[in-house]
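Quick mapping for you: the protein sequence lines, in order, are chains F and P.
According to our numbering, the first sequence is numbered sequentially starting from 1.
According to our numbering, the second sequence is numbered sequentially starting from 1.
One should not assume that every hint holds.
[As the list claims (entries may be wrong)] List time: in silico DMTMM-like cross-link candidates among lysine to aspartate or glutamate, alpha-carbon distance up to 25 Å:
hint : chain 1 : residue 1 : chain 2 : residue 2
1    : P       : K184      : P       : E125
2    : P       : K114      : F       : E10
3    : F       : K34       : P       : D131
4    : P       : K92       : F       : E10
5    : P       : K92       : P       : E125
6    : P       : K184      : P       : E7
Derived by calculation from the structure, the hints in this document are not laboratory data.
All values reported here derive from a predicted model rather than from experimental measurement.
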Amino acid sequence: MANQVSSLSENIVIALNTVYTMWLREMLRFRRSKSRIIGSLATPLFFLVILGTAFNSSFEMRGGGQTNIDFLAPGIIGMAILFSSLIGGVSIIWDREFGFLKEILIAPVPRFFVALGKALGGVTTAMIQGTLIMLIAFVIGVEYQSYIGMAASVGVMLLIGLGFIGLGIALASQIESHEGFQLIMTFITMPVLLLSGAFFRIGDLPSWLKTLVYLDPLTYGIMALRYTLMGETEIPIHICIAVLFLFAAATIGLGGYMFQKAKT
Amino acid sequence: MNTPAIETFNLTRRFGDIVAVDNINIQVNNGELFGLLGPNGAGKTTLINMLSTMVTPSNGSAKVWGADITKNSSLVRKNIGMVFQGTTLDDKLTGKENLDLHGRLYGLPKQLRKQRIADVLELVELDDKADVIVKTYSGGMMRRLEIARGLMHHPKVLFLDEPTLGLDPQTRNHIWDYIRQLNKEKNVTIMLTTHYMEEADHLCNRIAIIDFGQVKALDTPENLKNALGGDVIILSVETRKLASRLLDLYNRNGSAGSVQQKDSSIYITIKDGAGQIPHVLKIASDAGINVLSVDLHRPTLDDVFLSYTGRAIREEETSSVDRIAHNLQARRH
Numbered sequence: 001m002a003n004q005v006s007s008l009s010e011n012i013v014i015a016l017n018t019v020y021t022m023w024l025r026e027m028l029r030f031r032r033s034k035s036r037i038i039g040s041l042a043t044p045l046f047f048l049v050i051l052g053t054a055f056n057s058s059f060e061m062r063g064g065g066q067t068n069i070d071f072l073a074p075g076i077i078g079m080a081i082l083f084s085s086l087i088g089g090v091s092i093i094w095d096r097e098f099g100f101l102k103e104i105l106i107a108p109v110p111r112f113f114v115a116l117g118k119a120l121g122g123v124t125t126a127m128i129q130g131t132l133i134m135l136i137a138f139v140i141g142v143e144y145q146s147y148i149g150m151a152a153s154v155g156v157m158l159l160i161g162l163g164f165i166g167l168g169i170a171l172a173s174q175i176e177s178h179e180g181f182q183l184i185m186t187f188i189t190m191p192v193l194l195l196s197g198a199f200f201r202i203g204d205l206p207s208w209l210k211t212l213v214y215l216d217p218l219t220y221g222i223m224a225l226r227y228t229l230m231g232e233t234e235i236p237i238h239i240c241i242a243v244l245f246l247f248a249a250a251t252i253g254l255g256g257y258m259f260q261k262a263k264t
Numbered sequence: 001m002n003t004p005a006i007e008t009f010n011l012t013r014r015f016g017d018i019v020a021v022d023n024i025n026i027q028v029n030n031g032e033l034f035g036l037l038g039p040n041g042a043g044k045t046t047l048i049n050m051l052s053t054m055v056t057p058s059n060g061s062a063k064v065w066g067a068d069i070t071k072n073s074s075l076v077r078k079n080i081g082m083v084f085q086g087t088t089l090d091d092k093l094t095g096k097e098n099l100d101l102h103g104r105l106y107g108l109p110k111q112l113r114k115q116r117i118a119d120v121l122e123l124v125e126l127d128d129k130a131d132v133i134v135k136t137y138s139g140g141m142m143r144r145l146e147i148a149r150g151l152m153h154h155p156k157v158l159f160l161d162e163p164t165l166g167l168d169p170q171t172r173n174h175i176w177d178y179i180r181q182l183n184k185e186k187n188v189t190i191m192l193t194t195h196y197m198e199e200a201d202h203l204c205n206r207i208a209i210i211d212f213g214q215v216k217a218l219d220t221p222e223n224l225k226n227a228l229g230g231d232v233i234i235l236s237v238e239t240r241k242l243a244s245r246l247l248d249l250y251n252r253n254g255s256a257g258s259v260q261q262k263d264s265s266i267y268i269t270i271k272d273g274a275g276q277i278p279h280v281l282k283i284a285s286d287a288g289i290n291v292l293s294v295d296l297h298r299p300t301l302d303d304v305f306l307s308y309t310g311r312a313i314r315e316e317e318t319s320s321v322d323r324i325a326h327n328l329q330a331r332r333h
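Required output: the full structure, derived from the provided sequences and hints.
Dropping the structure here:
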């Protein structure tokens with residue numbers, strides 16, 4: 001019995017150590033890629049400034065008060081989290097391509113926790129990027145409802161990021177080559193982004209489109225961000241959080257499972 | 001420990017219709033430096049990948065340091081170090097960071113990790129490059145770093161898959177020195193694969209010659225060479241056809257030793273080779289075959305390989321090395 005307890009605590013130490021090591025690796029790599037960080041901020045900020053300004057002069061916002069750039073900011077932050085976390089998960093393809101995956105797979109550590117550590121590392125990267133965009137948007141004039149809301153939105157970013165990085169890991173474990181990477185980016189990110197309500201209100205949509213919007217997990221992420229940052233949402237916040245939580249748990253579980261089965 | 005460091009029991013691996021490893025039974029003793037010699041595609045890498053738990057066997061089993069490779073793979077992984085054929089470093093990180101991550105994955109506490117990093121960097125003489133990004137390393141430096149990393153957790157058994165593939169001769173000699181030093185001073189059991197004869201000859205205590213997934217011969221390099229029975233006479237004639245005629249005549253004359261043909265040359269393995277040359281030349285001149293050159297030497301591993309597999313390893317070597325080097329290049333871009 002005592003033996004079992006000690007081996008259980010030993011296993012927990014190994015699991016945590018594995019997660020931390022993989023997280024640390026992502027952080028070390030992130031620190032080295034300053035140009036990538038700046039590049040990853042540029043696209044969402046272009047969207048925010050150009051689309052925000054263009055929408056302002058093309059449409060009248062209903063309900064007054066809020067400007068289009070305020071409406072778009074949560075959507076753009078969600079978009080950045082989507083891109084960053086999917087790429088973070090799919091980067092397992094590069095690890096395979098450049099051989100480092102073998103170094104991880106031959107180590108005497110459980111693969112599920114390798115995947116989890118990789119996910120947490122990628123999510124941390126995504127959260128840093130999302131937070132930077134939130135702050136830059138604030139500086140250029142986006143008005144958030146409160147500082148507490150801004151802090152809470154970082155938690156929402158975590159949930160969104162976990163969901164999509166889990167999906168990325170699951171896909172990368174199945175895809176043997178980096179040609180598949182382009183396919184993922186085209187056939188997943190674009191529909192997920194466009195259907196999410198990042199760029200429009202979902203209330204007045206035709207019902208077929210509304211159905212698709214409700215099926216898109218990112219919708220709940222954008223709504224949760226809009227709630228924390230702007231104090232408004234078209235879907236009750238507790239539903240958003242519940243869906244995001246379930247989505248994250250499901251994809252991380254799936255990603256960890258697929259990674260265990262993955263070939264070198 | 002009296003049980004062998006590595007022991008395989010009818011170990012087999014199929015990929016579709018191809019039998020990459022075919023019923024292999026070998027034993028590697030504790031502290032041995034054991035070589036798997038064979039051409040590319042002979043099954044060496046598949047064998048070593050099974051022993052290191054990266055590939056599961058189709059049939060049969062094996063034990064590494066007493067642990068079964070399928071039933072107890074995590075224990076096997078704790079006891080082994082592996083240096084793969086291609087690079088498996090994270091080239092965006094420094095040498096030291098690569099080693100540090102490795103130490104963490106193998107559960108080394110902080111102080112010990114620091115100590116081991118310093119130790120292995122000194123061993124492979126990369127101390128001054130420790131904080132440089134791996135991307136800027138040369139091929140030889142990367143290999144040395146990989147060997148250093150494979151040793152960091154003090155494995156009982158170290159697997160090296162083509163440790164000097166594509167390296168210049170000077171770096172190759174250097175790496176041979178490290179391997180010897182490890183084996184002697186740290187008493188690490190080492191199994192390496194190679195298709196370089198010199199490497200197998202100079203480094204290994206014992207060699208298994210592998211071809212088409214099977215062990216064709218297994219012994220010390222010395223015994224393998226002696227087993228051929230004497231010297232090797234090589235006679236070159238003008239054409240392949242003449243060579244086979246000469247071979248035929250030689251056999252029909254009831255001459256001693258064994259004869260093999262390779263292109264337009266015949267290889268005669270025989271005791272007292274020097275004394276036999278006149279006899280062979282007489283057969284040739286009686287038949288009116290013009291002999292271009294005669295060479296006599298002590299058997300090398302090349303001759304051993306030729307006699308067990310019926311072909312020279314050299315024939316396939318150059319092109320495949322080029323191909324691999326090319327692939328490695330392509331991957332880096």
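Inset, instruction - Provide an ascending list of the numbers of those earlier hints which the structure does not satisfy. - result: Hint 4 alone not satisfied by this model.
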